[in-house]
Amino acid sequence: MPKTSTPKRKPIVVQPRAREQVGLLAIGYLVSRGLAKAGSREPYND
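Residue numbers for the sequence shown, in numbering that gives the first Met the number 0: 0 to 45.
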């Protein structure tokens with residue numbers, strides 16, 4: 000009986016440009032949340 004081998008999968012490599020865009024999106028989200036909390040009239044105790 001011949002030995003069957005499973006095909007080897009290549010690791011998923013995220014393109015550097017995509018990683019950069021995700022980072023910028025996260026930073027933009029955090030900044031917008033900070034501005035929204037800073038502009039609120041009621042105190043936010045968290």
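Honestly, the hints are just simulated from the structure, not real lab data. Keep in mind that a hint or two might mislead.
[What the hints assert, rightly or not] If you anchor each label on the Cβ, the simulated ranges turn out as follows: (1) K7 with S39: 32 to 40 Å; (2) A37 with R16: 28 to 36 Å; (3) T5 with S31: 25 to 33 Å; (4) P10 with A35: 45 to 53 Å; (5) R32 with I11: 23 to 31 Å; (6) L29 with R8: 33 to 41 Å; (7) I11 with K36: 29 to 37 Å; (8) K9 with R32: 48 to 56 Å; (9) S4 with L24: 51 to 59 Å; (10) A37 with P15: 48 to 56 Å; (11) T5 with S39: 26 to 34 Å; (12) A17 with S39: 45 to 53 Å; (13) K7 with G38: 49 to 57 Å; (14) K36 with R8: 48 to 56 Å.
Note that beta-carbon positions come from the ideal geometry of N, C-alpha and C, so glycine has one too.
Status of each hint after checking the structure:
Take K7 and S39: their Cβ atoms lie about 53 Å apart, and the range 32 to 40 Å is violated. Separated by about 32 Å at the C-beta atoms, A37 and R16 satisfy the suggested range of 28 to 36 Å. Between T5 and S31 the beta carbons are some 46 Å apart, a value that contradicts the proposed interval 25 to 33 Å. Checked against the hint of 45 to 53 Å, the C-beta distance between P10 and A35 comes to roughly 38 Å, which is inconsistent with it.
Taking 23 to 31 Å as the suggested C-beta distance range, the pair R32 and I11 conforms, at roughly 30 Å. For the hinted restraint 33 to 41 Å between L29 and R8, the CB-CB distance of approximately 34 Å keeps it satisfied. The hinted window of 29 to 37 Å between I11 and K36 holds, with their beta carbons roughly 36 Å apart. At roughly 37 Å, the beta carbons of K9 and R32 sit outside the given window of 48 to 56 Å.
Remark: the range hint 51 to 59 Å for S4 to L24 is contradicted by a beta-carbon distance near 41 Å. One distance hint, 48 to 56 Å for the beta-carbon pair A37 and P15, is violated here, with the actual separation near 33 Å. T5 and S39 have their C-beta atoms about 55 Å apart, which leaves the hinted 26 to 34 Å range violated. At roughly 34 Å, the beta-carbon separation of A17 and S39 lies outside the given 45 to 53 Å, and the hint is violated.
The hinted range of 49 to 57 Å is satisfied by K7 and G38, whose Cβ atoms lie roughly 53 Å apart. Between K36 and R8 the C-beta distance comes to about 44 Å, which lies outside the given range of 48 to 56 Å.
Going down the numbered hints, you'll see the structure goes against 1, 3, 4, 8, 9, 10, 11, 12 and 14, while the others check out.
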